[in-house]
Amino acid sequence: MGWAFIGLNLAGYLLFKLLPLVLAGVLSFAKWNIAASLDTLKFVGFDNFLRIFRDPVFWESFWNTILYAVVMVPIAIGLSLVLAVILDTHVFGKGLLRLAFYLPNISSMVAVSIVWMILFIPSYGPINSILMSLGVSNPPKWLNATSTSLLSIIIIGVWQRLGYNIIIILAGLQGVSKSLYEAAEIDGANGVQKFFYITIPSLTNTMFFLTMISFISSFQMFTPVQVMTKGGPGTSSSVLVYYIYKAAFQNNDIGGASAMAWILFLLVFVFSAARMIVSRKKES
Amino acid sequence: MKKRQKMLAVLLASTTLAATLVGCGGQAADSQGSSDGGQETAAATESETTEEQEQASSGDVQVLNFYAWTSPENMVPLTEAFNQDYAGKYEMVYQKLADAATMTINTALGSGEPIDVMTQASAMDLRIRADDGVYLGLKQFFDKEGWTYEEKIGSAMEETMNIEGDYYAIPYCNNINMVWFNKKMFDEAGMEYPQSGWTWDDFRETAIAMTHGEGGDKVYGAMLDYADGDGDNYWDLIARQKLGAFTYYNDDFTATRFDAPEFKESLDYFYNLAMVDKCIVPVDEYTALQYHKDPTGMAGLYNGKYAMWIAPVYGCLYLNESYGEVPEGTDIGVVDMPTVDGGATITTCYTSTASIPATCKDPDAAWEALKYICIEHAELFAGPKAMHPGYEFQSDEERDAFNHIIFDGKPGLDVDMAMEVMALDRTLVSKDTTVRKGQVGINEAIKNNMTLVFSGEMSVDEALANLKEQGDAAIAADQ
Numbered sequence: 000m001g002w003a004f005i006g007l008n009l010a011g012y013l014l015f016k017l018l019p020l021v022l023a024g025v026l027s028f029a030k031w032n033i034a035a036s037l038d039t040l041k042f043v044g045f046d047n048f049l050r051i052f053r054d055p056v057f058w059e060s061f062w063n064t065i066l067y068a069v070v071m072v073p074i075a076i077g078l079s080l081v082l083a084v085i086l087d088t089h090v091f092g093k094g095l096l097r098l099a100f101y102l103p104n105i106s107s108m109v110a111v112s113i114v115w116m117i118l119f120i121p122s123y124g125p126i127n128s129i130l131m132s133l134g135v136s137n138p139p140k141w142l143n144a145t146s147t148s149l150l151s152i153i154i155i156g157v158w159q160r161l162g163y164n165i166i167i168i169l170a171g172l173q174g175v176s177k178s179l180y181e182a183a184e185i186d187g188a189n190g191v192q193k194f195f196y197i198t199i200p201s202l203t204n205t206m207f208f209l210t211m212i213s214f215i216s217s218f219q220m221f222t223p224v225q226v227m228t229k230g231g232p233g234t235s236s237s238v239l240v241y242y243i244y245k246a247a248f249q250n251n252d253i254g255g256a257s258a259m260a261w262i263l264f265l266l267v268f269v270f271s272a273a274r275m276i277v278s279r280k281k282e283s
Numbered sequence: 000m001k002k003r004q005k006m007l008a009v010l011l012a013s014t015t016l017a018a019t020l021v022g023c024g025g026q027a028a029d030s031q032g033s034s035d036g037g038q039e040t041a042a043a044t045e046s047e048t049t050e051e052q053e054q055a056s057s058g059d060v061q062v063l064n065f066y067a068w069t070s071p072e073n074m075v076p077l078t079e080a081f082n083q084d085y086a087g088k089y090e091m092v093y094q095k096l097a098d099a100a101t102m103t104i105n106t107a108l109g110s111g112e113p114i115d116v117m118t119q120a121s122a123m124d125l126r127i128r129a130d131d132g133v134y135l136g137l138k139q140f141f142d143k144e145g146w147t148y149e150e151k152i153g154s155a156m157e158e159t160m161n162i163e164g165d166y167y168a169i170p171y172c173n174n175i176n177m178v179w180f181n182k183k184m185f186d187e188a189g190m191e192y193p194q195s196g197w198t199w200d201d202f203r204e205t206a207i208a209m210t211h212g213e214g215g216d217k218v219y220g221a222m223l224d225y226a227d228g229d230g231d232n233y234w235d236l237i238a239r240q241k242l243g244a245f246t247y248y249n250d251d252f253t254a255t256r257f258d259a260p261e262f263k264e265s266l267d268y269f270y271n272l273a274m275v276d277k278c279i280v281p282v283d284e285y286t287a288l289q290y291h292k293d294p295t296g297m298a299g300l301y302n303g304k305y306a307m308w309i310a311p312v313y314g315c316l317y318l319n320e321s322y323g324e325v326p327e328g329t330d331i332g333v334v335d336m337p338t339v340d341g342g343a344t345i346t347t348c349y350t351s352t353a354s355i356p357a358t359c360k361d362p363d364a365a366w367e368a369l370k371y372i373c374i375e376h377a378e379l380f381a382g383p384k385a386m387h388p389g390y391e392f393q394s395d396e397e398r399d400a401f402n403h404i405i406f407d408g409k410p411g412l413d414v415d416m417a418m419e420v421m422a423l424d425r426t427l428v429s430k431d432t433t434v435r436k437g438q439v440g441i442n443e444a445i446k447n448n449m450t451l452v453f454s455g456e457m458s459v460d461e462a463l464a465n466l467k468e469q470g471d472a473a474i475a476a477d478q
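Heads up: the protein sequence lines correspond to chains A and B, in order.
Number 100 in numbering that gives the first Met the number 0 belongs to position 101 of the first sequence; there are no gaps in the numbering.
Number 70 in numbering that gives the first Met the number 0 belongs to position 71 of the second sequence; there are no gaps in the numbering.
Just so you know, not all the hints are guaranteed correct.
If you anchor each label on the Cβ, the simulated ranges turn out as follows [as the list claims (entries may be wrong)]:
#1 A:D54 x B:V75: 56 to 64 Å
#2 B:T14 x A:V269: 33 to 41 Å
#3 A:N104 x B:V75: 38 to 46 Å
#4 A:V175 x B:A97: 26 to 34 Å
Keep in mind the hints are simulated off the structure, nothing from the lab.
Since we're looking at a predicted model, the values are computed, not measured.
The beta carbon of each residue, even a glycine, is placed where N, CA and C say it ideally should be.
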């Protein structure tokens, strides 16, 4: 009976997840045009890996991916925590605010990216218009400057991630005993002290889960780069998944793309394994 | 309660499993039908298609599968005419691809589907597929017909399509770059309409004169995708006019020629238009507002966001109510591309091509379809898409008849002006290249460096020096 329940899911996993993963592993050591027959597949050893390790754009994409994750995740989680605590208290329009924060998470990222492109237009976009009206004489060029293109994508990432994080943190907050706050109040603790000495320690598990999930998903970020910058200006906003897509789907380099995909897989795997190990330790 | 939950879970699992099996079974049945030669036509409903295919496979009629990304309604004239002309022998069935992307076509070719004719937009993809043995050489069919590629398609195209002495595709269209302009805006500004034989200096003066306003209300003199924003790539237009086909390569294809003065002249010119005169739509604005996509490009022109728009002839296809409000009367005019000295008109063009896969079961039958689509009845395939055929016209009457197919019935278009302009002589410089050496690297280098130049972060000289170095390195790596 147990097999009947997991059978369908297992078959789907084997066919659509594990098999492509193994095939990508094989292809990372080969040169092959998908349009040609399998007879034309030629094994090239570690050539694909050596080639991408020598490619400066690969390294720029790799470090951009890390930078995006390292900057975006803490900001998104920190901001979500503050907002979730505010939303958990008695504020006006609580339900509406929760909905507003969650909407970006369920909106089409393509449509959202196009709207953000318009907001970011340097000459007359709404963001720079506000900055100029506040007296900023030389506002950033956002997506159109190498110094701010990745930052712009991080801003969108934070905005998009907030809703999901807030929902998870709100769920975590429901588990914090009210008696702890009451006891703290009797002891004379103020709001800030309660936040740092009760709320944050009580949410450790939730925050750990969010951090890991956010890191893993930020390593796979693609849509805003594909829609808004195409990795530019230059290669300043190129990230790993975008570079893999370009290699495989535009430049016909299936071998190189598979090699890069495996490197990305290892990166995600390390984080997933770390999450599992730490979770098990906590449980035990 | 627990027993009921268990029952419900078993029921749901069984239903899901049954639905999946039924779904897969349906697919399998369809696939079976496909391998028998039957697949859905875009022009007909699914049930009609199945019926037709059953009839086709039961008799002697052979189904020929034609793969392209054209919208199905534009395919109806072609499939109907072919099926009438070859009644009782062949039946052309149209299979619509999602788009012309490299991987879309590669996966279709690698899927094992019975493809008789496949189309593609990229000459580079064509070359890679030809090298990997995906396509049949077509010289054998030209020989059988007693034709030469050069006499049938033209010498310029022969030069591009000749791959080690054979041909693996025939162009089914030729997209000629022109300058579209908004006559109403010229009238309001009291400016003369541009005339063929104008120079790039004239273009610049006109663009400056037509530019006015500030911020979101600013109206630009012209719009062109000069920084490879996922559309055409016009920063090298002047270099192409001066250097001809295979512009990026030296004579023996062993190095690039980005150090040639023509490239500097070209990039300097467009840099000045964008960054100094600010009379063409800036990159950040046209990528955000999607003006580099053809439908929005034409909409921007007739909505008065800019006075001139450099685009292929098929740009007029988007003078169509389904793309938004269209201009009244004959507001949209067209003129040839400017040249450096105002002498003989030279303009750029690019093609899309059609090929026969090497796995095709009946190459002779596939050749009949290919010939019909690209050479004998281009007016039925390229025509409805507002594209010129891939071959050269043999007479003025043939040219005019084709141009009528392209321009007639386009709301807002000055058809008389378009007919008159297209009747003029012009030299075409093909942007297509089937040279594989370093091409991926060169294209990447262009994209990376041009986005920096037009965001004001790199000088023209620095960009061209980078292009030379990176392009040559890419060629050397491919030797």
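TODO: Kindly indicate which numbered hints from before are broken by the structure, ordering the numbers from low to high.
DONE: The structure breaks hints 1, 4; every other hint is satisfied.
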